[in-house]
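Asks: Residue-level listing of the chains:
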Amino acid sequence: MKKLVFAALILLLTACGNAGEPSAATAAKAPEGKLYIYNWGDYIDPELITRFTDETGIKVTYDEFDTNESMYAKLKPGNSNYDLIIPSDYMLEKMQSEGMLLPIDMDNVPNAEYIDRRVEDKYFGTGVTNYSDYAVPYMWGTLGILYNTTMVDETVDSWDILWDEKYADEIYMYDSQRDSLTPALVKLGYSINTTNLDELNAAKDLLIAQKPLVQAYLGDQVKDKMIGGEAALALVFSGDAVFCAAENPDLAFAVPKEGSNVWLDAMAIPVGSLNKENAEKFINFMCDPEVAAQNSEYIGFTTTNAEALKYIPDELKNTTGYIPPDDVFETCEFYRDLKDFLKEYDRAWTELLAR
Amino acid sequence: MRILKRCYILLMLLFLYAPIFVLMVFSFNSSRSRGRWGGFTTDWYAALWSDREIKQALITTLLIAVISAVVACIAGTAAALGINSFGKVQKRAVLAVNNLPVLNPDIVTGVSLMILFQFFFRIIGGGSMGFVTLLLAHITFNIPYVILSVLPKLRQLDKNMYEAALDLGATAPRAFFKVILPEISGGIISGFILAFTLSIDDFVISFFTTGQGVSNLSIMIYGMARRGINPKINALSTIIFIVVMVLLYLVNKINKEKDAK
Amino acid sequence: MKIKLSYSSANRAAAYPYLLYMLVFTIVPVLLVIYYSLTNDEGAFTTANFSRVFEGVYLSVMWRSVKLAAGSTLMCFLIGYPLAYVIASLDTKSKTWLNRDTILFLIIVPMWMNFLLRTYAWLTILEKNGIINSFLDMLHITKLNLLYNNGAVVLGMVYNFVPFMILPVYTVLNKMDNSLIEAAQDLGAGKLHVFFKVIFPMSIPGVISGVNMVFMPAVTTFVVSDLLGGKQFILVGNLIEQQFLTVYDWHFGSAISVILMIVILFTIGIVGAADKDSDGGQLI
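Those protein sequences? They're chains A, B and C, same order as listed.
Sequential numbering of the first sequence, starting at 2, is according to our numbering.
Sequential numbering of the second sequence, starting at 470, is according to our numbering.
Sequential numbering of the third sequence, starting at 414, is according to our numbering.
Hints are computed from structural coordinates only; laboratory data are not their basis.
Treat the numbers as computed from the prediction; the structure is a model and nothing was measured.
There could be a bad hint or two in this list.
[Claimed, not checked] Covered by chain A, per the in silico footprint, the following chain C stretches (three or more residues, Cβ under 8 angstroms):
hint, stretch
1, 533–542
2, 652–659
[What the hints assert, rightly or not] Lysine to aspartate or glutamate pairs mimicking EDC-like chemistry, simulated, CA-CA at most 16 angstroms apart:
hint, chain 1, residue 1, chain 2, residue 2
3, A, Lys123, A, Glu352
4, B, Lys725, C, Asp514
5, A, Lys35, A, Asp221
6, A, Lys188, A, Asp158
7, B, Lys722, C, Asp514
8, A, Lys340, C, Asp454
9, C, Lys506, B, Glu726
10, A, Lys258, A, Asp158
11, A, Lys60, B, Glu522
12, C, Lys644, A, Asp221
13, A, Lys77, C, Asp454
14, A, Lys258, A, Asp170
15, C, Lys556, A, Asp170
16, C, Lys644, A, Asp64
17, A, Lys188, A, Glu200
18, B, Lys701, A, Asp225
19, A, Lys344, C, Glu455
20, A, Lys35, A, Asp64
21, C, Lys610, C, Glu595
22, A, Lys344, C, Asp454
23, A, Lys188, A, Asp199
24, A, Lys35, A, Glu56
25, B, Lys647, B, Asp670
26, C, Lys644, A, Glu352
27, C, Lys506, B, Asp728
28, B, Lys701, B, Asp512
29, B, Lys474, C, Asp504
Here a beta-carbon is modelled for each residue, glycine too, at the ideal position from N, C-alpha and C.
The following block holds chain A by itself, in its conformation from the complex (with noise of 0.2 angstroms):
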């Protein structure tokens, strides 16, 4: 008998949630679509999607993901109905070259020519595909490295201090294949890029031989625990640095004078998106100067749109990191789609987390 008594106070208690259901939908406003948005932790401000949805009656579903690895592993089976990502440059590539990307109708997207195209040249002129009616740029920043100025006093401008074995149990790492392997590589003096095994087997030791000093591998909560004053040494993307260091003032940033890696987000649209106009629609939105400019203040992260750096105030134009210098940018190279080496690098991170 105790039991049937259990069962209908669950009953009854779930017989209030379904309840609660309907009302909540018809509460909402009739929507006038869908769009399913697959994008970064952390990497837009809320309260845009909420206008988004208010302005057009679009009803946006908003998924996030930890890394372009993971994102392209969620939609590489081909049956996800994601009407828009925001991926990284590489990765746009080597979707691009295996037809997982829908081309964009420019003529819908008005608003692409506030668009600094400055960026995107640059990784073009790398020689990759060019893959620019597919992608409309997001963000951009570069790789390095934030620190916390009460517990480190030295001038932080190389790789070489995420070796130090002053800071064991000090540092984070990113939990991501190829932003961990990239402070490997270029300390050993080889390109982010490389196809050579032994250069990257060479960069997987030093990681290895690296990993007592780490003191995490850590995906979005690397923000919190820096703010926290968890840790003196991070890996972070230099829009997230400057994120940080609005909220803890003892943060400082910086890219290691030995290079780094210079990244490029751009809004694409994958197969099998059932909403494209609506997506459409939406990179149009983002593109907006104003959204834009307001969206770059809240996530920290620098915007690709002309227009809008003329919205963004000065004292975040000058916070270390949200525009890298032209000599930064230079010594800086772009991710590359590695087609099936990238094998060899899955198994050189598998094998360093195995460790």
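Given the coordinates of chain A, assemble chains B and C onto it according to the supplied hints.
Replies: Here is chains B and C on its own, set in the frame of chain A:
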């Protein structure tokens, strides 16, 4: 000796409850950082309340739990009836397969179902993982538990009763509902509760079998926890803890009163 | 006779839909995993995925998983058994908080909270600026690194799984025939002697199911190691998750899954054989 016992119990309870109380206390902390107390606030509860994503996840969790438990009860009871009249060898073979999702590590079950769904979509050339696949996955791991709780009851059942009812002219469905069902209802109900609980608590299998825009509470919490310390989770934990505590306490109390009578 | 036969065949038919369901949702998925584990991207047969599993580095992950899970199971036994014993010795009628039902109730409540929330709770405690370290800091003691190491992972496992040890042991101790214990005491055996010669051996079935119920989830978890281990000490569960959700190598991921499946089913077979009386229902 008595004191030692008391101390040990208290120590273990402290171990079990300390983290929960920490979450509860910090759900009222106005500062985001952990070690410091920044003053009392109920803002996180307000933020939780207006969070559409969390509400949606709660609804998904409960819907999946109720539907999968009901379907598993019906399918599992029917299956148990059939299995019970199987020959010994057949029964053994069927139960061995039935136990596979129970014994298999969750991660293997999750991965294998994900492969199955993707394979199916590839064959039909469309479709995507989401609510339906999540539900199917939950039904799949729930049915075996219902069978395992109904079968023992069926075994205890007096076979002659059912046949007697039929001999007395009852139709087969009537005989089932009047004679068998009351006898095995205890097993079905515990199967239901078990299925419901397992479904609510599942993370691993759900994680692999859901699709865009569909998350249950577990998946959402995992995402939030991987993002770092979030006071909203503390508020959510506090509410869940209190609901669980009150529910279990009521059930316990009702039981005791029933027993007393 | 004829009529009877038709009853039972009608009954049997009730299971047929489920047999079909099982074929599709239990057997086919396992076959697909095996298929993937034995093929490469081109769909050609290969054993390379399995030979890769046996490369040193992956074996060491498996070995670490087994070691940490075994350590957690041992810890659960060491702290869980005494508690089960103490609870079983409590008065049921007592009106104070030290009542058997109350204590059991208090042990069960946390189990009903979401597994992830319970694990997450430890982050706040173990962090460098978390509760323990803030406390140490107040006492001017050097802060400790408590998070992102093996210890944190074991702690998370013990915390989550210790009720699975306490409850089965308690159930067995509770059902124990007191007359045997009294008989031993009447014969002049000391308390310790009675415990080790009578009570403990009789509680072994409870310990076995406890070990099973702690070890199995511990060895395959990827959540505890992910949240409390910070990818520093990944387990076999993380390895599988990574292959499917990041690296996109279903073939290697399937090979690890197949091996994990074999190891677990094999272990259960052994434990099951040692625990002959168990009926299917006892797994729960």
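Asks: Please go over all the hints and tell whether each is borne out by the structure.
Replies: Outcome of the hint check:
1. 533–542: It holds, with 3 qualifying residues against the three required.
2. 652–659: That given contact holds, which follows from 6 residues of the stretch 652–659 of chain C lying within Cβ reach (below 8 angstroms) of chain A.
3. Lys123/A to Glu352/A: violated (33 angstroms)
4. Lys725/B to Asp514/C: Given pair Lys725/B, Asp514/C holds - Cα atoms ~10 angstroms apart, limit 16 angstroms.
5. Lys35/A to Asp221/A: Roughly 27 angstroms between the alpha carbons, so the hint for Lys35/A and Asp221/A is violated.
6. Lys188/A to Asp158/A: holds (12 angstroms)
7. Lys722/B to Asp514/C: Holds. Lys722/B to Asp514/C sits at ~11 angstroms (cutoff 16 angstroms).
8. Lys340/A to Asp454/C: holds (14 angstroms)
9. Lys506/C to Glu726/B: Roughly 15 angstroms separates the two Cα atoms, so the pair holds.
10. Lys258/A to Asp158/A: Since the Cα atoms of Lys258/A and Asp158/A sit roughly 6 angstroms apart, the hinted pair holds (cutoff 16 angstroms).
11. Lys60/A to Glu522/B: Distance of about 13 angstroms is within 16 angstroms: holds.
12. Lys644/C to Asp221/A: Holds: Lys644/C and Asp221/A sit about 13 angstroms apart, inside 16 angstroms.
13. Lys77/A to Asp454/C: holds (13 angstroms)
14. Lys258/A to Asp170/A: With Cα atoms ~24 angstroms apart, Lys258/A and Asp170/A exceed 16 angstroms; violated.
15. Lys556/C to Asp170/A: Between Lys556/C and Asp170/A the Cα gap is close to 12 angstroms, so the pair holds against 16 angstroms.
16. Lys644/C to Asp64/A: violated (23 angstroms)
17. Lys188/A to Glu200/A: holds (11 angstroms)
18. Lys701/B to Asp225/A: Judged against 16 angstroms, a Cα distance of about 14 angstroms means the pair holds.
19. Lys344/A to Glu455/C: Cα-Cα ~15 angstroms, so holds.
20. Lys35/A to Asp64/A: holds (14 angstroms)
21. Lys610/C to Glu595/C: Holds, at about 13 angstroms.
22. Lys344/A to Asp454/C: holds (12 angstroms)
23. Lys188/A to Asp199/A: Holds, at about 15 angstroms.
24. Lys35/A to Glu56/A: holds (13 angstroms)
25. Lys647/B to Asp670/B: Violated, at about 34 angstroms.
26. Lys644/C to Glu352/A: holds (12 angstroms)
27. Lys506/C to Asp728/B: Holds - the C-alpha atoms of Asp728/B and Lys506/C are around 14 angstroms apart, at most 16 angstroms.
28. Lys701/B to Asp512/B: holds (9 angstroms)
29. Lys474/B to Asp504/C: Distance of about 12 angstroms is within 16 angstroms: holds.
This entry does not satisfy hints 3, 5, 14, 16, 25, going by the numbered hints stated previously.
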